[in-house]
Structure formats: structure tokens, C-alpha cells
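Asker: What follows is each chain in one-letter form.
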Amino acid sequence: MRARSGFPALLFYVITGSAETMATVTTDQILTADGTPLKDSLRRSLVRNKLRAVGLVLPALLFLVVMFIVPIGQLLTRSVDDTLVNEFLPRTFAHFEEWDQKDLPSEEMYEAMFLDITTADKTLLGRATIRMNYELSGWRSLVKKSNREFKKIKSGPYKEVMIKVHKRWGQIEYWQSLGAMVDEYTMGYYLNSVDLRYDGNKNVIEQPENRQVYQLLWWRTFLVSLMVTFFCVLLGYPVAYLLATLPLRISNLLMICVLMPFWTSLLVRIVAWMIMLQQEGVVNDAIVSLGLLDDDNRLEMMYNFTGTIIVMTQILLPFMILPMYSVMKGISPNYMKAAQNLGAAPSLAFVRIYIPQSLPGVGAGVILVFIVAIGYYITPELVGGKDGRLIGNMVAYHMQTSLNWGLAAAMGLVLLLGILVLYWVYDKLTGSAGLKMG
Amino acid sequence: MKTTIKLAMAAGAIALTTGIGSPALADITITSWGGGYTASQQKAYGESWEAKTGKKINWENYNGGLGEVRAMVEAGNATWDIVDVLPDQIRTGCDEGLFEEIPREMFIKAPDGTSIDDDMMVPLPNNCAIPQIFWSYMAFYKDGTFTGAQPNKVADFFDLEKFPGKRGIHTWANALIEMALYADGVAIADIYDTMDTPEGIDRAFAKLDTIKDHVVFWSSGAKPLELVTSGEVAMSLAYNGRIGAAILSEGAPFVPIWDGQVLEEEWLAVIKGSKNKDEAIDFAMHASAPQQQAGQAKWINYGPMRKSGLAIIQANEPWYNTGVNIMEHMPNRDEVMPASIFANPDWWADNGSEISERFTAWMAK
Chain A
1 MRARSGFPAL
11 LFYVITGSAE
21 TMATVTTDQI
31 LTADGTPLKD
41 SLRRSLVRNK
51 LRAVGLVLPA
61 LLFLVVMFIV
71 PIGQLLTRSV
81 DDTLVNEFLP
91 RTFAHFEEWD
101 QKDLPSEEMY
111 EAMFLDITTA
121 DKTLLGRATI
131 RMNYELSGWR
141 SLVKKSNREF
151 KKIKSGPYKE
161 VMIKVHKRWG
171 QIEYWQSLGA
181 MVDEYTMGYY
191 LNSVDLRYDG
201 NKNVIEQPEN
211 RQVYQLLWWR
221 TFLVSLMVTF
231 FCVLLGYPVA
241 YLLATLPLRI
251 SNLLMICVLM
261 PFWTSLLVRI
271 VAWMIMLQQE
281 GVVNDAIVSL
291 GLLDDDNRLE
301 MMYNFTGTII
311 VMTQILLPFM
321 ILPMYSVMKG
331 ISPNYMKAAQ
341 NLGAAPSLAF
351 VRIYIPQSLP
361 GVGAGVILVF
371 IVAIGYYITP
381 ELVGGKDGRL
391 IGNMVAYHMQ
401 TSLNWGLAAA
411 MGLVLLLGIL
421 VLYWVYDKLT
431 GSAGLKMG
Chain B
1 MKTTIKLAMA
11 AGAIALTTGI
21 GSPALADITI
31 TSWGGGYTAS
41 QQKAYGESWE
51 AKTGKKINWE
61 NYNGGLGEVR
71 AMVEAGNATW
81 DIVDVLPDQI
91 RTGCDEGLFE
101 EIPREMFIKA
111 PDGTSIDDDM
121 MVPLPNNCAI
131 PQIFWSYMAF
141 YKDGTFTGAQ
151 PNKVADFFDL
161 EKFPGKRGIH
171 TWANALIEMA
181 LYADGVAIAD
191 IYDTMDTPEG
201 IDRAFAKLDT
211 IKDHVVFWSS
221 GAKPLELVTS
231 GEVAMSLAYN
241 GRIGAAILSE
251 GAPFVPIWDG
261 QVLEEEWLAV
271 IKGSKNKDEA
281 IDFAMHASAP
291 QQQAGQAKWI
301 NYGPMRKSGL
311 AIIQANEPWY
321 NTGVNIMEHM
331 PNRDEVMPAS
341 IFANPDWWAD
351 NGSEISERFT
361 AWMAK
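Keeping their order, the protein sequence lines are chains A and B. Heads up: the first sequence begins at 1 in my numbering, then just goes up one per residue. Heads up: the second sequence begins at 1 in my numbering, then just goes up one per residue.
FYI, nobody ran anything at the bench for these hints, they're computed from the structure. If you're wondering where the values come from, they're calculated on a predicted model, not measured in any experiment. Ideal Cβ placement from N, Cα and C applies to all residues, glycine included. Hints may contain errors.
[Unchecked claim] According to the in silico footprint, chain A covers these stretches of chain B (three or more CB under 8 Å from chain A):
hint	segment
1	59-71
2	94-106
3	214-223
4	230-243
5	349-360
[To be verified] Here are the computed lysine to aspartate or glutamate pairs in the EDC-like style, where the Cα-Cα straight-line distance is at most 20 Å:
hint	chain 1	residue 1	chain 2	residue 2
6	B	K277	B	E101
7	B	K365	A	E300
8	A	K151	A	D116
9	B	K166	A	D295
10	B	K153	B	E335
11	B	K166	A	D285
12	A	K159	A	E98
13	B	K307	B	E266
14	A	K386	B	E226
15	B	K365	A	E209
16	B	K162	A	D296
17	B	K166	A	D387
Please work from the sequences and hints to get the whole structure.
Answerer: Structure representation (C-alpha cells):
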């Protein structure tokens, strides 16, 4: 059986582990000292143990449910929920199926819309129109202005007066956009998160070209995370090796050098990098004064993709070094000595003996750094400039500014799913020994 | 051993009571943007309200947006009472029912008895909005950057031939679209009609394309000042309050370009379900009174939204706390209004999301 680790394993053993032991007790009635059958007494003590174990994991389980499973459930609901518009426009949607979507809708549908708007609760109207505005810009002010003007209209026919109130009532694309909101559940947010959308008949089509940005950002986020992870391995491995092999006195000092930046405020480190790397910064000044570059050709290392990679690598480096170090610390130096005793050159011994044993630590570091990197957004916001922005920035934008939580939730879940898939692939590739936190 | 445990417990108890206790001791919590802006609010009307009522204010900072407010209102647990919001957020927030509505008659009238509606420089957009200040996006440069002719209009910001060098702009689209169209020759009165057409937006992006390769992007308000000071960029856009503060307090050699500035509104709002609603409204009425509106300009060069507030400043110059005139740094003074663009928050509430995607795509390509 494959080794299991962490919290699921604990549960697994609590539930199944002791049952296996019990099955082997198949003797006739053997009595314990106080006269109860051994089988009963054993069972009782096993149950007690099991309960104690469950009691011990209960806080962790509750924490997991409250802090992780419930929010993710809510996220999932938000990303597909589209009931708001149905509540707002019940009459209009009742007529929607009959409409062919080729010409402007019939007088009945205009009347239904009129009644829906004039009878709607104020807050519902506000919230629903903000939602409708995500589908097609302009819905918000259209309904808001109409709501004010419609109060003056006493009777039909409505089509003509509505178009007079606002010309958008005569533009077919606003009516067509309702098609994407007719159902109470929608995949629309997921489509939006990859630059697609529904047309009026719920066919999936591409977003207009100048709005397409999410696919690009997904790829860039993936690429940045991959590059940061790669550079972290490259820079972190030698450091972790030194930490694990140098005498304690020196390695302690080295450890402090690793931990000091780790404990320093994120913003302080980012600002320090800005001062170092900007075009009028320390590094460029040094290069220019050494005469390696002239003053007009200063390097651009900040407020772009390069800056993002450099700063993120530095920030995430400890997440790579620490798990590698803890694994390397456990590798006995005797293996290397044995290999060399048997005739291997030091470099060969290192490659064939040391590296394979250190891989679980590398694996842990890679997963840790990659997962943290993929959700980064403050650093890219500050140092990314024009082409360093990542998908996390858009999630933050939709959470904070546009209030399009459905889209933010969908993007969050795509991110989560992506990480789970990558983790699964990684797990398949490396087998159970691939990961070790220490 | 026992004493250590006792000590630890005592320390824990103190931490617990102060941690939970301090916000509870305050009577209302006001969330604003921090820095010099919050300081001006505290000095102009926070302290005077505390002195008048004997109540305490807990000031918090945030990074904008209605995310937290919506979460609080949905959870039915408002931990803030008042929030300082941008123009499109006062509109969407009120539409969504995130803010309390305030009866017009509660507002304090102008000294001559003018009602709040007639005293406003722009109409109150809804019943939730409590007037604060005007601020603006504007271009500026450091004295001595250019030899010969000096830039004095926003079109110069887009003119790389006459005024070579990098440009600093922010990482979102607000004000940039308006400035680009104005610089491209669209009359101020026609800007939003132009922006309502797809061709108008294309035209704005085409104008932005002309400086794209020479742009350094910034996202926090202090950054453009650093960029210009260090010579990283030759000209930058920035918040007028930041430029003014640097000139007024530090004597920085910055030259603001008032032409083509984009004026934005700033509002206060009482959060729906606030546990201290009465105190919060009382505070808001105090903060939006003409005297307090004017008082804020003693500490920061953002312009009062009420005409009577501006009148108090004009009548009492030098008004700034250091004893210098403040009117020449006010974004909404009469002289600069003809060449200023009033941002249209309704347009942005409608189109902000779509333009934001397009702008992000533009930055990335």
C-alpha cells in the first residue's frame, strides 16, 4: 500500500486501521482477569482508542470544514448562480422563449419589461442591473434612467414610449443579451474567465478581440510561476546543500541570512528592489559609472516582466530552501562516503547518490513555491508595470472594484482546479516518495 | 514556573482586552484612504466632532473598492460605520443597498440658508451620498526637465516629439480615456458622447498607443512623485493632492499642468446596518457642513464640493496651515474649470468593467 501522509492518513487509520487488527482475533472465548471475554474487552478498548483519536482530530476537521470546505462551497455556488435576474424579470423571461431574436420583441415583452421594472424592489433592481451590466455594458444606466422616467407613464402601448425614454430599448443587442441570463444557473462566468461568452441563444462564442485578456493572463501566470519555481530551485539548491553540510557554527549564520529576509515585511523588500533595479537605481548607476553602459542605454529591470520574476524569486526563495534543507539534513553523509569508497568520483556520487535522496525536498519546495506564486498579485501590481500583471490582479479587481464576484469566484475555482490537476500530475510522475516536508 | 504562567496569562488577558476592546471603546469607525488624506479629515472635522460630542472615532484604512463593504452587509455584521468612497462606488453601492439613505433636510445649510442641493457644485447622485471633496488626475513635471518651451497642456503630455522622455501613467483606465480624447482634439463637452461610441474608444486607445512604448506604469499614489523626482520619467500623471502636498510642504519643484485635469468626486457613506447609525449620521452631517468642508483645505489641497465651503476659503486666504494661499492649488477653482474635465461616474459605472478588460489587454500587448 502506498504511504499516506498528513491529515487524510490520520482519518484513514482511525477509520480502517484498527478494524484490520480486530478481524484477526478469532479464538474461542478467552476471558480476561476480571472475567469478561477478551474479545469484548479488546473491542471496548479499541472503540475507546478510536474515539480518542477522533476527538483529537475533531478540531482540525472542524477547522477544515469551516475555513476551507464551506467557503469553497460558497465560491462554487457564486460562480454558477444567476437567480438574481430571474427574480427581477419574471414576466419578461416568461415571454423570452417565444421571441425569435431577429427583430425587436413584441409589445407584450415590452409591457412585461415595463411592469418588471416599475414593480421591482429597489435593492433587487439595483443588484440585478449591476449583474446585467456585466453581460452588456449600459444595462445599469438604461434600467436606472427608465425606472425614473417610467413612473410618469400611466398606460401602454409601451414599446414606442420606452424607446423614446431611452434609445437602448430599441437596440436589439440589449434584448438579446437577456438570453444569457434566462437560466437560473450559468456557466457564463467560467466562459468569461477564458475570453468566451454566450450569445442570445446560449451558443458559446468568443469575446470581442479587444476585450480578450484572460487567456493571455492565464498563460502568463503559469509561465511566471514556472520560471520563478525554476530559478528558486537553481538558486536554492546550493544554499540548502551548504546549510545541511557545513559545520553548525557557519550554517547557523547562513540560516539567519535565509530567514532574515523571510521575516522582513513584503513591502519593504519590494521597495528595496525598486531602489536597486529601477533605471535611475543603484544597479544601473553602478553599471553606468563603471562604463559598461552609457547613460542612455540603462537596463530596464523594473516595472516589467523581468522585475516581477526577480522580485518574486527573491520573496519565495525561503519556501524552496527550507523544505530542501530539512530533507538534506536527514541524508547521512555515510552514503556519499560509501559511494566514493566503492570508486565513484565525488561528482558522480553526488549525482547518483545525493541528488536522488534530496528529491523529496525539492519536490516539496517546487509544489510550495509554484502554488504560492500562481496566486500572487500584490508584487506584480507594484513591480509588474505593463506586462507583469497576473490573473490574481484580475481576481482582486473583480472582488474589489467591479464587484463581479461571480467571475472572481469562477477564476478562483479555475485556479484551484488547475493546482489540483498539476499536483495530481506531479504525484503520478514522482510516485509516493516524491514529496516530503521534512 | 507558576509565576511565569501567571505572567503569561496576564499578558494574554491584556492583549485580549486591548485587542478586542479598542474598537469597542470607539463610538464610530470610519474607513478612509490613510496618509495625508485621512490626516486632513481628522484635523478638519474628526477632532472637532470628538470635542463637540465627547465620542471617539476609530480611523481605519483600506485600499478602495466595495468588496469589504458588500461582505459586511451580506454577513449582517458591519464593523465599519462610515466609508470614504469614489464616485462610481457611491452609485453602485447605493443601488445595491449597501449604504443608508439620509434625508436631505438633515444636511447643514450654507451660512446664507442655501439648501444642500443648491449649494453643491455637482448634484447629489442619490440619497446615500454625503459630500466630501473634489480631487483630480493631472499631469506634472519637474522644473528644469525641459529646455525652451515648457509643457502647459495635456496634449503636451502626449507629444513625445516636442517633449521627449518617458511618461508615468496609472494602471487603470479612468481619466486616461478622457485625457487621450481631449489631447486628440475632442471638445470637453463632447468627450462622453464620443466615449459612448466604439469608434470613440478606439480613438482614445489609438492616442494612448502613441506613447505606449515610453510609458512607466504606477499603481500607488506616491509612486509618480518618486518617478519624476528620480528622473525615471520626464512627465507623469498623478493625484493633484500628492503634487500639491509636495509643493506646499516640501517645496518640491513640481509644475502642475491644470489643462485637461480630470475632476473626480469623493463621497462619504454610512454603511447599511451600522450599529452606530445615529452617531455616524451625526458625524457625517458635521463633516459635510460648509465650515468643515473649508477646514479640510487647511490641510490638503482637495476642493470642497459645496460652493459655500469654497467661498469661506476665498474670503479667508491665506488659508493653508503654513500661512500660504491654497486657492491656486485647488482643483475646482474658477480659473481652471473651463479646461477641466468632470469625470462622468455613471459612464464609468456602466462601462468600467469592459474598459478595464480592454485596458489590461492594451497594457499587456
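Asker: Next step is simple, just say for each hint if it's right about the structure.
Answerer: Evaluated hints:
A count of 6 residues in the segment 59-71 of chain B with a Cβ less than 8 Å from any Cβ of chain A is obtained; the coverage claim is therefore met, three being the minimum. Here the segment 94-106 of chain B counts 4 residues with a CB under 8 Å from a CB of chain A, which clears the bar of 3, and the coverage holds. Only residues whose beta carbon comes within less than 8 Å of a beta carbon in chain A count, and the segment 214-223 of chain B has 5; three or more means the coverage holds. Given as covered by chain A, the segment 230-243 of chain B passes the check, having 3 residues with a CB less than 8 Å from a CB of that chain where 3 are the minimum.
Counting residues of the segment 349-360 of chain B whose beta carbon lies closer than 8 Å to any beta carbon of chain A gives 10, which meets the minimum of three for the stated coverage. Among the hinted pairs, K277 of chain B with E101 of chain B is consistent with the structure: their alpha-carbon atoms are about 11 Å apart, no more than 20 Å. About 17 Å separates the Cα atoms of K365 of chain B and E300 of chain A, which keeps this hinted pair within 20 Å; it holds. As the CA atoms of K151 of chain A and D116 of chain A are separated by approximately 12 Å, the hinted pair is consistent with the 20 Å bound.
The suggested pairing of K166 of chain B with D295 of chain A holds, with an alpha-carbon distance near 15 Å, which does not exceed 20 Å. Of the pairs offered as hints, the one joining K153 of chain B and E335 of chain B holds, with about 14 Å between alpha carbons and a cut-off of 20 Å not exceeded. The suggested pairing of K166 of chain B with D285 of chain A holds, with an alpha-carbon distance near 18 Å, which does not exceed 20 Å. A distance of roughly 17 Å separates the Cα atoms of K159 of chain A and E98 of chain A; the hinted pair therefore holds under the 20 Å criterion.
Of the supplied pair hints, the one linking K307 of chain B and E266 of chain B holds, its CA atoms being roughly 15 Å apart against a limit of 20 Å. For the given pair, K386 of chain A sits about 18 Å from E226 of chain B by alpha-carbon distance, which is consistent with the 20 Å threshold. Using a Cα cut-off of 20 Å, the hinted pair K365 of chain B and E209 of chain A holds, with the two alpha carbons roughly 12 Å apart. For the proposed pair K162 of chain B and D296 of chain A, the alpha carbon gap of about 18 Å is at most 20 Å, so the pair holds.
Simply put, K166 of chain B and D387 of chain A have alpha-carbon atoms about 17 Å apart, close enough for the 20 Å limit, and the pair holds.
Figure legend: structure checked against the earlier numbered hints; every hint is met.
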